[in-house]
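Chains as they are written, first to last, in this note's numbering: chain Z, 1 to 425; chain G, 1 to 425; chain X, 1 to 425; chain S, 1 to 425.
Don't read these hints as lab results, they were simulated from the structure.
Warning: the hint list may mix true and false statements.
Copies of the same chain look alike in the list, so a pair counts if it works inside one copy or between any two.
[Claimed, not checked] Cut-off 25 Å, straight-line C-alpha distance, at most; resulting in silico cross-link-like pairs (SDA-like, lysine to any residue): (1) 161 x 380; (2) 161 x 296; (3) 373 x 38; (4) 373 x 25; (5) 161 x 237; (6) 161 x 293; (7) 161 x 186.
Number of protein chains: 4
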Amino acid sequence: MTTATTTFPDTIFDTRESQVRSYSRAWPTVFDTAEGSWITDRDGNRYLDFFAGAGALNYGHNNPVLREALVDYLTSGRITHSLDMSTVAKGELLETFTERILRPRGLDYRVQFPGPTGTNAVEAALKLARKVTGRESIINFTNAFHGMTLGSLSVTGNSMKRAGAGIPLVHATPMPFDNYFGGVAPDFQWFERVLDDSGSGLNRPAAVIVETVQGEGGVNVARPEWLRALADLCRRREILLIVDDVQMGCGRTGPFFSFEVAGIVPDIVTLSKSIGGYGLPLALTLLRPELDVWGPGEHNGTFRGNNPAFVTAKVALDHYWSDDSLERATLAKGERIATRFRSLAAEFPEQLATRGRGLVQGLAFTDSEQASKVCGTAYRNGLLAETSGPDDEVVKLLPPLTISESEIDLGLDILEAATRTEVAR
Amino acid sequence: MTTATTTFPDTIFDTRESQVRSYSRAWPTVFDTAEGSWITDRDGNRYLDFFAGAGALNYGHNNPVLREALVDYLTSGRITHSLDMSTVAKGELLETFTERILRPRGLDYRVQFPGPTGTNAVEAALKLARKVTGRESIINFTNAFHGMTLGSLSVTGNSMKRAGAGIPLVHATPMPFDNYFGGVAPDFQWFERVLDDSGSGLNRPAAVIVETVQGEGGVNVARPEWLRALADLCRRREILLIVDDVQMGCGRTGPFFSFEVAGIVPDIVTLSKSIGGYGLPLALTLLRPELDVWGPGEHNGTFRGNNPAFVTAKVALDHYWSDDSLERATLAKGERIATRFRSLAAEFPEQLATRGRGLVQGLAFTDSEQASKVCGTAYRNGLLAETSGPDDEVVKLLPPLTISESEIDLGLDILEAATRTEVAR
Amino acid sequence: MTTATTTFPDTIFDTRESQVRSYSRAWPTVFDTAEGSWITDRDGNRYLDFFAGAGALNYGHNNPVLREALVDYLTSGRITHSLDMSTVAKGELLETFTERILRPRGLDYRVQFPGPTGTNAVEAALKLARKVTGRESIINFTNAFHGMTLGSLSVTGNSMKRAGAGIPLVHATPMPFDNYFGGVAPDFQWFERVLDDSGSGLNRPAAVIVETVQGEGGVNVARPEWLRALADLCRRREILLIVDDVQMGCGRTGPFFSFEVAGIVPDIVTLSKSIGGYGLPLALTLLRPELDVWGPGEHNGTFRGNNPAFVTAKVALDHYWSDDSLERATLAKGERIATRFRSLAAEFPEQLATRGRGLVQGLAFTDSEQASKVCGTAYRNGLLAETSGPDDEVVKLLPPLTISESEIDLGLDILEAATRTEVAR
Amino acid sequence: MTTATTTFPDTIFDTRESQVRSYSRAWPTVFDTAEGSWITDRDGNRYLDFFAGAGALNYGHNNPVLREALVDYLTSGRITHSLDMSTVAKGELLETFTERILRPRGLDYRVQFPGPTGTNAVEAALKLARKVTGRESIINFTNAFHGMTLGSLSVTGNSMKRAGAGIPLVHATPMPFDNYFGGVAPDFQWFERVLDDSGSGLNRPAAVIVETVQGEGGVNVARPEWLRALADLCRRREILLIVDDVQMGCGRTGPFFSFEVAGIVPDIVTLSKSIGGYGLPLALTLLRPELDVWGPGEHNGTFRGNNPAFVTAKVALDHYWSDDSLERATLAKGERIATRFRSLAAEFPEQLATRGRGLVQGLAFTDSEQASKVCGTAYRNGLLAETSGPDDEVVKLLPPLTISESEIDLGLDILEAATRTEVAR
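So here's chain Z without its partners, still in its complex pose (with noise of 0.2 Å):
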């Protein structure tokens, strides 16, 4: 039997679906089908996607080794849903994250399913965080982007986002990123003063949270040496270092874990987004062994054992995460676009600038508004992209970590026109 598709009126969005709805208004289409790097819509209109649900969908749309486990799994009778409950496709994912990702990396993490959401990961990480430490004051910084739920949303630095909430967000200090003047101050400087500073009137923090590149803030690098400073100052000052690696991790910047590249073990860290592999939710909170007094049920939700996504994960890890090929494609793959990036901002200096490290790059405009028209020209002409940064001022290039060299200079073909279209008017 097939499901009866059900007709709709084209208005159906706009007249029953809430006004919160954002890409829909960018991308004013209706979508249907998409595999690895391409959507297409029901009026057969196919997209490259350099955007890749946000970070969700690292192994392309539909990918077919994980789709073939997902409907192996669904037609065998194996249990969907199943809360916190222990079941085969669990355990399985737990062995294998353990073997593929913890042990060739001597972490020796706690693996808390938080529901399966980034933003429950962090409300799960910043809970644990102030129980353990018995303080409440958590650092945040600039341009940070955390989740929506409440405690998340307190971390996250985007005005319009924080009224939201409708209520003033308190016990979060946000601090400069890296490079947030330009490289003119020393790093830390005002974070290690107020710190040293018993009269500096900051709160003592239970933890910082951090992004190693912060994807909504505008493709905001930080450096290895100022996530190995940042680390260590935690360390000095017995504050908890969690990492939001829910859009950086899973190999969006090469290696699984974005903080590889500086060589430091965070206490706390988040992940989501590709972690199901599939683009079907999941998230895991990663806790060094000694933080882990939670009591049972302290924290919990009914989507914690999302069993379809458990299988595309474990399958995810065994099949690209063996060896490090796609940690090397991934770079190279992020140089491709960096480097024509480059030349690009090389001939209009004074307009672009750009940045990004592994497959999350970004062309800053100095004329925010022009970022927003490439990306509604490169949506015209067939491509997905979107805007990041507090003015929407930087196109952010987020394609699926398997895509094709062609399809990246295909992408960058209609980004660059559109560009130069832009910025030469």
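We have chain Z already, so just place chains G, X and S on it with the hints.
For chains G, X and S alone, coordinates are given in the frame of chain Z:
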């Protein structure tokens, strides 16, 4: 190709998974397959499931109608992950939800996809209520459960879960749920009085959030007249009424929305758990149209576009909500359980009490330890049922709505035997 | 040398003083001299004062015994301002307070000088209660008044005053004061129930703060048995009991401490207003010795060492509290007022009610506008009395304890005439 | 009649007064009389007072001009305590303040009497700033000191004092005070950047609160150009500027208001300490007229009408602020101290530094323990001076403005000798 299974040591859950896990302690086995009302562990032991994913599996495990649609969707190259882009699967779900659920009930809600878990839906509801009213304070009820992220946790009653926050939970004031004083105090005596009294010290609330039946709180059933009086009080005071129907919606109490029994129309409704139909993560926040003041992207989340769940949600609505047969069956099955429970309780009037609505039924033990022991015995005899209530004193039954009468009887036989043994001890 | 007086324009208060002023609107004249129960304005109009500095002038205006000691101190070169240094005047006050007040009552409080106003004393009490218990939440009561600084305001009920904070006031949960439901609900039904119930959502409180008679709240009198039950409840739950005796202490209700009538011993007591005796700023926070865990300087303030007030405070204790004659006289005078009030209320049972203890007596009007009009008429006829209560519906009498019987009768004549005119209208 | 003195045991302070006392530990004697720059203990030992009530005694102890007016007022039957009623004494103070202070400086503030202590004035300022702007957040500065009640404490830097709150202090974000980085970072680099950046995570502030010279914070002197830049930044960003002149106002730095040196006009100014003139409790909050949106009684307090302090305040203004002689003398005396300090510091450049403005002068020790020892030695040699700064590393001099040059020299001799002994050790 079949995915190679991975061998994992029995100790993997103990050594790798966080101490926060909970159900895996009550039911210490490794589950593997599931169908309808049954789960089977990897040793082949079968368990009758009166828990049903804490209400996420109203249509049973791996419901074949939904699975067929799901597998068909997955194998047809249809898009899986789409954030808040418009997709055919989303359009079909919106149209079906409109035609099957909203229109027949004379409701005109806007639909927000707030992220795929109940707590996302609650956080969105609270944020919007605060934004609309410009007030911060929320009224919740004793023994409420609304979720584990910071906003939802602040309106949740359980003290152990609240302590997990690590910060003082503020902006919420609890009021007595229906029958909190065993009928001796007039309804809303306290709530109305503090609202009337400009010197009461109550911050004027933005909204009231309520469950019509408190599942986690111990199967506390609000009478229709209490709900009507609450809705009336909210309307007179210009306080928004949020019904959290995450666990009690989707037919759990009989009608699709649990508040239908009272004939009220809440301002905001949250749905999750069984709305996806197949146990896949999905949540909706329903808003009266005039409350839809969200700015684009003011609330967001990576897994808002979980298309597989859109598909199973739509098919579930088509299959189960085209007429009132499911509602009538649920009420009949509920009465079947309630009748047995009442008889049992009549035998032990000092030790047992019973309450419920539709297919959420509770057996309350005077001695809370007995409730846990009964669930333990039931597990050993092949029945999964959990306790709830502030002291875990209530055995709570949440079987699939699709359960058969003979399965109900079998489960009740196991439970009744375990109860008799325990209370007669 | 006599200080040259300055001529000032009649408009100076309107044009130079902030709009926040309030009594000067109800009593729009310019006062100049005062003695005992009388104030005289600069035009020579005399007013009988049934307001007494809102309870700060229990011994009347410019009490000659206290004035002589004060002037003697000032003219003897004795130190005026001393922060928290030890001074002879402070030593004498501590000794006198010990011998006249604490020892005869079997009390062993440590004395903190928290700054010279009631709200300083309350803030110190709340801070210490939180420090001692490690909890943040405070239980206050409907219609409580504890002060205008942020900590005190958060436990104050009046919604207009709370709105002045400009931030959400948190960490306090109001409970019903005695007789809040007119006797129909059992005492502490709600409070005990939410404390008992681990799922109630009430944050476990550090302390309860209570006035034995709520002056600003409308002359609400807690019965002794209610106070005893509250003290008992606090002791059983290990919640600290703070009695705010700023307005009702120093003999206002008869005995020195207002809680003596109930035979309870609070953990912390705040005193201010009449403790200085002469209307000079002074406040004390009394602590059970085992609660005195303050670090040196952990709470401070510039005017903790207001030696002129130490002197008048000491002399007032010597002069008025060496025996029980003041207490007996206060009770007798209070009964004199209460008797007249009861007669009056009996004439207009639909419109008037009466309540009070000692020399705080209230006449409650069903129609709150009448209360304000009565006070306006009284002012024009030479009597100062203010309204209180959430709707300003209660005429509150706080005459000096040293008032004569004929002065009482005169004031009551004026008030009674004004009331008759108003309620019979 | 002379009031009988009471004998008290030497132990009364230890056994009866709270452990919170602090100055009495540094200066363990019992003071009794005072005059001008001198205090005498009950054993007849005289101490030269370079502390002056922490800045509350700018005109010296028991200033005879003020005392005469005060005693005259008290013995003339004039009203003592009047809440916020209009009185002759208040009218005269308002007129004198207008004519002597405001008009000559071209200022047009409304005057609020917020209660008689500095922290009352600060709380009123913060409340009003939040009410006017509708925002909650306040910017304070590192090492700020604004008071001990909850609102003031939240903008105070000292970690020990903050911990006394017992709740997380929120709604305030510290920014670096002038010269916080020893001149290596541009002024307001961080503050301007986070205001500019809509993604910085800084809640938009209602107000900035600043001391022009941080007394408790360690005699940190803001340069006029820094203050001007701050005022300019606030104006451009529509953030209110509050200058807390509780300690530095009333001529301490030379001019009446400490901000005059920068030529700025704050939106709100707090005054206390020496505004009463004689050490009697008094505080003012000055508001630009358009900010005076208080409702009547929205902020109140029992001791707002401390008429004896109105009298001494008025006479002090008449006597000391009719011309610029006090200002010039203060600057000269300050320079006298600064010159000696600079010479001393030049001898020990590794161990000493000096800073100050007018008659607040600090001697900063590299080794903070030396500062405490120097003050201890000074006390034993008859000089009262206290330490300040986050590590108590600064000997802070706040002598009466009325001190003589020979008294200055005597005090400096004592201090210099103690310092030499200590640093040369």
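Quick one: which hint numbers does this structure break? Sort them smallest to largest. Going through the list in order, the structure violates hints 1, 7 and respects the others.
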